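Colleague: The lines below spell out each chain.
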Amino acid sequence: MLLPVLGTVFVVVTYPLLLAVGQSLRATRGGSFVGLRNYASALEDPLLYDALGATGVYAGIVLPAEILAGLGLALLVHRTVHSARVRLAVYILATLPIVIPPVAVGVIARLIYAPGYGVLNHLLRLAGLVQAEIPWLSRRDTAMLAVSSVDIWQWTPFVYLVFFAGLQTVPPESIDAARVDGASGWTLFSRIELPYLRPLLLMVLFFRIADVLRVFDHIFILTGGGPGSTTQLLSIYLYRVAFKFFDTGEAAALAVMVMLGMSLLYAAVTRLLPLERD
Amino acid sequence: MPRRRSRRLWRVVGPPVLCAVGLAYAFPLYWLLVTALKGEGELYQATPSLYPLQPTLAAFSSVLVTRGFLGLLRNSVVVCGATVLLVLAIGFAVTYPITRLKVSRRLRVGVLNWALSLRFLPPVAVVVPYFAIVRGLGLYDRRLALVLIYTVLNLPFSIWMLKGFLAEIPLEVEEAAFVDGASRWVAFRRVLLPLAAPGILASGVIIFAFAWSEFLFALILTASPRAQTFPVGVQGLVTQFEIIWNDMAAAGAIALAVPLGLMVVARRYVLAGLTFGVIRGQ
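Here the protein sequences come in this chain order: S and D. Using the numbering used here, the first residue of the first sequence is number 62, and each one after it goes up by one. Using the numbering used here, the first residue of the second sequence is number 145, and each one after it goes up by one.
Since the hints were derived computationally from the structure, they do not count as laboratory data. Since the structure is predicted, the reported quantities are computational estimates derived from the model, not experimental observations. C-beta atoms are modelled at their ideal positions from N, C-alpha and C, and glycine is treated no differently. Where hints are given, some of them may not hold.
Stated by the list, open to error - Facing chain D, from chain S, some residues (calculated, C-beta under 10 Å):
| no. | residue |
| --- | --- |
| 1 | R171 |
| 2 | I173 |
| 3 | P218 |
| 4 | V276 |
| 5 | F306 |
| 6 | S324 |
All chains should be modelled from the sequences, with the hints used to inform the complete structure.
Modeller: Structure follows, in structure tokens:
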């Protein structure tokens, strides 16, 4: 039973990847074999480097923010909340943002940042912090922050859950022993808890890096990649090459390069992560 | 005593920080709901009111009935339901043998590694070939195309989830049934399946929620209300030239309510599924 099913699944999943390689070697119009020309034209496009840069900036904002906030909150709840019921309530609440459709999160962000109805400007004016309306989504410096804030809002709870679960695996005896020895809060964290969290930190980092390359929906809804190409991450750029410029060959070449990049990441994951496979 | 001081610091900092975080999550959701409950007249005030002056469900009926989003809702339910069934069936066909039968360790590890590797493949990387395949099969603007693609996208973590749940049921339970003369199929149906039911339910809920959220492929592979899913409709309300705020908010609220409701059922298993079993549910 296993092998036929597995074989079919494997073929169904792998065939599109091979097809992408095939498409990347053929001309978009006419379909004649062009070798690596699609790769060359993909690499020559300055927009690709804008997209890579935007992806890097986005990751540079989102990953540290989510990891620090998630870790901080996990420690906070671990240290100050002792009631099992409150902990369970926090756990349940924290799982919720994960399943909110990114499209709906995009809608919410629109209601907050948009000119006119967006509530953030009104709140800031109410507090006397600004006089004029700030066009959050169409200014170069704020658009990336707005788009990142959505990611941080949606994914910090996931990071929190992982770290909080990790903190529960630290044996209380080692904490007590260190306390008796007069260890400070920082020493407790860095010497005892952090080593338990390190594999989880790696896991979060890997999964979130993979996710940054998946990000599409909320940016598509909020800025569409603009203003200019400020928030045009790699995924949005690839989509535009394929379905706005209709350059299938170049899009496939980009896709193959993304796949190669991700297999490097995956190789690192399998080496460094403690996953149970048995 | 540095220890005392740091403990007191946590106590002082803790409650306000947790309140602020709670507010940062509650307010946006509140604002979505408030906007969805506003009437048209309240949308164009110079300063929008922080609560609906005359709450009305007009925006919901405008979205669902006037704009015909009920049809999109039905498409979403059909596509997600079919995806759940297909993923669970295939997931079982893959995970039952690797957890219950004698297969070589290499095969088992190979299957699991392969499933994990797919988690690192961004969907946008397969958009171009999938589009060509769907076109070639004549499935463009058909719900079936989405069902098949969502099945492929959700299979990897489902395999890990189901494997986790099956591995927790001891082999002896089934062996006892074999001793009593049950066939493998009967043992599977009468013994294993009921024991694995909570896990299967949880997996089903999560697959449904993820399929429900999917937007990229639905955007690319559908063109008309006969196959478009709910998120595509929501997106249409957002990017149009003049946004009707209450309609958009109502659509967003519906899109969000379905998975949130389902999560209440499956909350305990979500984390195990998302982290490929690295973290166990609480």
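Colleague: Sort out which numbered hints this structure fails and list those numbers smallest first.
Modeller: 5
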